[in-house]
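Student: Following my numbering, the numbering of the sequence shown begins with 16 at its first residue and continues without gaps.
Fair warning: there could be bad hints in the mix.
[Said to hold, decoys possible] The list that follows gives simulated cross-link-like pairs (lysine to any residue, SDA-like), each with its CA atoms no further than 20 Å apart:
#1 K253 / T199
#2 K230 / S278
#3 K230 / L157
#4 K253 / D242
#5 K208 / N187
#6 K253 / S170
#7 K208 / G236
#8 K244 / S197
#9 K208 / R234
#10 K253 / S285
#11 K230 / S271
#12 K244 / G257
#13 K244 / I280
#14 K208 / S285
#15 K253 / S271
#16 K244 / A256
#17 K208 / V284
#18 K230 / E151
#19 K244 / V33
#20 K244 / Q217
#21 K208 / E151
#22 K208 / K253
#23 K208 / G257
#24 K253 / T223
#25 K194 / S209
#26 K194 / E151
#27 K244 / S200
#28 K230 / S206
[Said to hold, decoys possible] Here are the simulated distance ranges between beta carbons:
#29 A69 / G255: 56 to 62 Å
#30 T168 / S271: 21 to 27 Å
#31 D48 / Q258: 28 to 34 Å
#32 A55 / L157: 42 to 48 Å
#33 M260 / T152: 24 to 30 Å
#34 D25 / S146: 27 to 33 Å
#35 Q211 / N139: 32 to 38 Å
#36 G274 / Q217: 19 to 25 Å
#37 N254 / G47: 46 to 52 Å
#38 R84 / L270: 20 to 26 Å
#39 E251 / E151: 36 to 42 Å
#40 L157 / N252: 35 to 41 Å
Hints in this document: simulated from the structure, not taken from any laboratory. Idealized CB from N, CA, C, for every residue including glycine.
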Amino acid sequence: MTTVAEFHRDFATFHQQVSNLLQDRESTLDDGDIASRLSAQQRALTENAGALPAYDIRRYQSSLDELSRLLSTRRTEAKPKAKFSFKSRRSEAPKLPRPRDPTKIEEASTLPRLPEPPGSLTINGETAQTSRLNTETHPSLLHNSTITIASFTDSEIDLSRSELYTSVTLRNLTRCSIKAGSSTSSLFIDSCKSCQIIGEAQQFRIHTCSDCQVKYVCRTGRPVIEDCKNMQFGNENKNGAGQRMITVVDDFSDLSGDGRNWSVIDGYVSVSG
């Protein structure tokens, strides 16, 4: 089994390559080879499902289903059309059950259901009716390990506490200042706009965000972004001499790596120095 970071990177490369092959009508690659690639990627998704959040499982499964549909359409269009046919009065043969498409594996029957982790807490700004969130205003933050903060606008959010969280999810936040605390696994940031975020986690996963500034301590690898724009990052990790390390981000929407969707915060170390 590959690591989670390797799986995300491999899936992005696979999706781009197979999408290009399916759109290229002059491609010499046999449809059977494409189907084999889809099957192999489906197996990889199933093997790594236990380490992936439900959001990513649904997203990747949807991508595989869409590629399978495109492959099926391509095969149908490639079949020669019959010039004519005779109508027969014979009764139609009973329809046999349709065999399962080997390129698809039903999510419900194959992918393991991730249990809801104990100690989960979701705080929604639409019902919390506050613009200030911390362990004093919400003591429940002290007694739960998996935290989701959602739908806050123009708010100050401080999740700092002495104990580590298991994971923290920030979703649908706008113009907020967030101290996300420290997590033993992941910090997920989804659909946030114009926010300032600082946090420490094993891995950072950031989706569909824009105009945010993220200062991070990422204990393994580097932050991963997808479908983001105008993002700024600053690496708070220090080397042995106590100096900040280089700020580098993996952008799955920009496999060329030219950094068009993100930049380094002034004062932090960039690749160019």
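Student: Which hint numbers does the structure go against, in order from smallest to largest?
Tutor: 3, 4, 6, 7, 8, 9, 11, 12, 14, 15, 16, 17, 18, 19, 20, 21, 22, 23, 24, 27, 29, 30, 31, 33, 34, 35, 39, 40
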